[in-house]
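Undergrad: Chain by chain, the residues:
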Amino acid sequence: MFATFVFGNGMSWLPTIMLFVDIVVAAAIFYYTCKHRYYWIGGLELVQLVMVLWFEFARGHGLRTTNPFIVDKFAWIMLLIAAVVGGLIVVFAVGYMEEFQKEHPEVPDRRPFFFGVMGLFLVAMFGLVMSNNLLYMYTCWEITSFCSFLLIGYTQTKEAIRNSFKALWMNLLGGLAFALAILLMGTQLHSVELTRLLAVGSDNRVVQLVAALLVFCGFTKCAMMPFSGWLLGAMVAPTPTSALLHSSTMVKAGVFLIIKLCPLFEGNYVGWMTLMVGGITFFFAGCAAIAQSDGKKVLAYSTVSNLGLIVCCAGLGTYAGAWTAIMLVIFHAVAKSLCFLCVGTAEQQIGSRNLENFDGLFCSMPRLSMCMLVGICGMFLAPFGMLVSKWAAMKAVVDAGQPLLVFFMAFGSAITMFYWAKWIGKICAYIPMKKELEEGIHSVQWVALRFLSAAVVSLCTLFPLLSSRMVGPYLQEIYRCNGSVLAPSNLLVMGVMVVLVMLLGLGYGRGRRNRRVLTQLSGANAGDNLGYLGAGERVVPVTLSNWYMDDWFGEARMQLWGFSLCAACILAGLALVGGGVLLA
Amino acid sequence: MLSCELGMKLVYAVLFLVLAPVAGGLLAGLDRIISARMQRRVGPGILQPFYDVLKLWDKEGVEGNPAQGFYIFSFLLFVVLSGVFFFAGGDLLLVIFTLTIASVLFVTAAYSSNSPYSQVSAQRELLQTMAYEPMMLLVAIGFYACCGSFAVGDILNSASLNIVRMPGLFLGMCFIFLIKFRKSPFDVAMSHEIHQELIQGLATEFSGRTLALIEVAHWYEDVFLFGFVYLFFGGAGLFTLVGGLLACALVYFLMILVDNCCSRVKWQHLLRCSWAVTLVLGFTNVVYLMFRMQGY
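Line by line, the protein sequences give chains L and E.
Per numbering that gives the first Met the number 0, the very first residue in the first sequence carries number 0; after that it's consecutive.
Per numbering that gives the first Met the number 0, the very first residue in the second sequence carries number 0; after that it's consecutive.
Rather than coming from a laboratory, the hints here were simulated on the basis of the structure.
Certain hints may be false.
[What the hints assert, rightly or not] Partial list, derived from the structure: chain E residues whose beta carbon lies under 7 Å from chain L: (1) Ser148; (2) Gly152; (3) Pro166; (4) Leu256; (5) Cys260.
[As the list claims (entries may be wrong)] Listed below are the simulated EDC-like cross-link pairs for lysine to aspartate or glutamate, each with C-alpha atoms no more than 20 Å apart in a straight line: (6) L/Lys434 to L/Asp549; (7) E/Lys265 to L/Glu102; (8) L/Lys394 to E/Asp51; (9) L/Lys101 to L/Glu437; (10) L/Lys296 to L/Glu536; (11) E/Lys265 to L/Glu355; (12) L/Lys157 to L/Asp202; (13) L/Lys296 to L/Asp202; (14) L/Lys296 to L/Asp549.
We put the CB at the ideal spot given by N, CA and C, even for glycine.
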């Protein structure tokens, strides 16, 4: 099972089809950019189309590609993530969109279009993770960019259209770098195969530059800091879209490419650029998440932050780094999609996705809160996967001798804990008078939520298996060495802790029954814990709010720092690597 | 051989389970006596904390909501578990992460009451956790860079005295221990003192057995935090054993002294200075250790 296999050899019609698809996508992009008068974005597409076309016709015939598609263990992992998590999101969307259209009568009902684009998105994602030929990967890359543009702009409001074009131009900028990389590799190395790039190795300066361009392209897709804007803007779309973009597809395509290039990173400026941008993004996006009260925005910043961690680990270029990055990809995909779907469902039921309105969610929607809690704990608490990976990340960073990253790791972890824990606190507040709100949740939504919750928990217990059967063999093939990242005994302890947590949960409510008393409010309790007696015996309702510390962690401030530092690292990295090629 | 090693680990874990609350309670009693003497009072007997907890245990059980007892029990469980990991020679990062779960559970218990006092304190507690956590992680990373292992057992077997290479980390850790031990000037979330500002902070809504469990959890926590101090001096020899215990005693005394000399600061000040200390003392020390590890 999950054996590596190769296909696509001898399909002589394949290049023509792919080229045709390229042209169709470009034509569609031209249509939309002209319709909304974003001509310069169309120009961005035109340049790369011309580059790819020129390359295909002038040089393409001389290239001999041996393996257009390779499905290795890593590709299998990505395929499973896209199929299972992506599939569940689509299932969820069936129920969600029905409700969505009822709640938003002003939005034209284009559901067939919506599901069509989602399907196309997943297909492109499948193609992307299987491609070994960079030209085919580029085609799939463009399709995912275009599909995300369509999905973000689904509601056709002014904001949605603006944000969808923001996503489009950033991703097309990445596509431009991709096209440049193909051009450079094809003309200098006479191949467009990923395996060939890895085989030549990073001692070759051209390979370094190609890798740097591809990494840049990955940055735009996985929303590293100067390009994080599009992912945050994507929140305007219906929740299934955000869930799809944030967890299993789109951003994961970006980190997929970067992790694929992992062996080229050790000890050069490409790796330096990758890990610095990742580390800086991890830290500053985490800080920005503290100051957000919009549930989806917290999730978005946490996605950016976690992707930063993944990119940072991949940038180390070591076995341990790559192992951690792949593990993080898996856990993040499952836990984050669960979080998004829970917030989306809660938003439909209570009419707001502001965390301040999630007060006492446990009393009004116990089962949904349980799912949300599983998702959140999966993102940062100990026996669950994300934290185990973070543990490995810390070790990998020290082993690789990167003191600056140690700084980002230590502070980033503390910050992550802060914004998740205050969210947990909000939903766990006990407010008994709230009425049951779970009635309206569509049954297919429950299917997706339950399945994903079960997946988060079972992944934690299957962790060692995943490592030894899938991730380990893939990396041994790539690095030609045997490595174990976390000691088996520690993994065992983690497994035992997961069981302990479950047993604890089962034991809930078994303790001694105590007499119920009123809580201490700032005035005399009015009798129901919901209000106190103010001046003139007037009942003042209790409203409690979380801390956001805007002066410290305000979005604008964090963006200023994060954007400028990341942009500086990218420019410096590209200049150093590019200069190396030009001066050689 | 392997089973013998495992057996020793189990013995240490069980010893911690049994002796830590006794030692922790005595330390708390001693704390009150020393504080009283510093304030020219006589103070209670050394066994007073035990009497307090026993008295709490016999009180009528009341609760603000059905969940808080569960959270507090889980809190105690995870505190004990992290201590067990530590004394069984486990991985330092695992210990810190388990302790983080415990503090999140404690905060959740306070949040669950939905009372203004405990919620404000819960957020302060979270802020404090955010303030001290980087230093704890850096200490673990420092030990790894210095001794080549995160495991407490391996660290104790290291050939040389760790404090010599990790003075910054040691001082930084002592600094954030003021937060962990809930001492002035950093007892913004929960304080045992009379001058507390928010009733009893996090513990406002707990009483009877639940409050007793919190006390016991803190005893456990205090003892194993001193374990961290000991790690800096520890080793196999009798000399280091005495030295390590003396260092723990000194740290303990200085913390009580600071507690009695300072007034509480605002949270902004707390965050700013603990991060600054982490950066200046902790991070620079880690940088040194990492360069040393690479053989510069």
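Undergrad: Would you mind marking each hint as holding or not holding in the structure?
TA: Tested hints:
1. Ser148: 10 Å, violated
2. Gly152: 12 Å, violated
3. Pro166: Result: violated, 18 Å to nearest chain L Cβ.
4. Leu256: 28 Å, violated
5. Cys260: With a closest approach of 28 Å, the E/Cys260 hint is violated.
6. L/Lys434 to L/Asp549: 33 Å, violated
7. E/Lys265 to L/Glu102: 45 Å, violated
8. L/Lys394 to E/Asp51: The given pair, whose Cα atoms are some 43 Å apart, is violated under the 20 Å limit.
9. L/Lys101 to L/Glu437: 18 Å, holds
10. L/Lys296 to L/Glu536: 40 Å, violated
11. E/Lys265 to L/Glu355: 24 Å, violated
12. L/Lys157 to L/Asp202: 49 Å, violated
13. L/Lys296 to L/Asp202: Answer violated: L/Lys296 to L/Asp202 is near 42 Å, above 20 Å.
14. L/Lys296 to L/Asp549: 15 Å, holds
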